Amino acid sequence: MNEPIFHQPPKPDFRHDLWRGIGLVLLLHLVQVPFALYSKGVTLLFMWLSQAVYVGPAVIVALIRQRYGMAVGIIIAAALTFLLSVGICGVMAGIGTSF
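The opening position of the sequence shown corresponds to residue -2 in the numbering used here, with each subsequent residue numbered one higher.
There could be a bad hint or two in this list.
[Unchecked claim] Cβ-Cβ distance ranges computed for the label pairs, FRET-style:
id, residue 1, residue 2, range
1, 63, 24, 40 to 48 Å
2, 10, 35, 36 to 44 Å
3, 88, 30, 17 to 25 Å
4, 28, 2, 38 to 46 Å
5, 27, 80, 18 to 26 Å
6, 88, 6, 43 to 51 Å
These are calculated hints, taken from the structure and not from any lab test.
In this text, all values refer to a predicted model and were calculated from it rather than measured experimentally.
Just so it is clear, CB atoms sit at the ideal spot from N, CA and C, and this is done for glycine as well.
Based on the sequences and whatever the hints tell you, model everything.
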């Protein structure tokens, strides 16, 4: 009865952390706004390249803190951003060509 009660933090929920990781990347994409205004929108075409600056460390921090769901969410959102950015670059490059 006189034993101390130690508070155990709850285990992180993988699904909840997955969505938190996706949301984190979407918020980190706001970092692009000042650069897009400065470069007149050119950096938005190459977002996949510049996102490596802030997505890489975010994944590393999530893994160090053993938040594997968040790391997976960050990677998923970064991959989707990469595919979208490369697709837009492909469309923009294809506009100038003729068949």
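Q.
Can you tell me whether the CB distance of residue 88 to residue 6 sits inside 43 to 51 Å?
A. Because 47 Å falls inside the window, the suggested range holds.
Q.
Tell me if the beta carbons of residue 27 and residue 80 are separated by a distance inside 18 to 26 Å.
A. holds, 20 Å
**Q.** Distance restraint evaluation - residue 88, residue 30, Cβ atoms, bounds 17 to 25 Å
**A.** holds, 22 Å
Q. Has the hinted range 36 to 44 Å been met by the Cβ atoms of residue 10 and residue 35?
A. holds, 39 Å
Q. Per the hint of 38 to 46 Å, is the separation of the Cβ atoms of residue 28 and residue 2 within bounds?
A. Once the Cβ atoms are compared, 43 Å apart, the range 38 to 46 Å for residue 2 and residue 28 holds.
(Q) For the hint 40 to 48 Å, verify it against the beta carbon of residue 63 and that of residue 24. (A) Given about 22 Å between the Cβ atoms, the range is violated.
Violated hint for the displayed structure: number 1, the only one.
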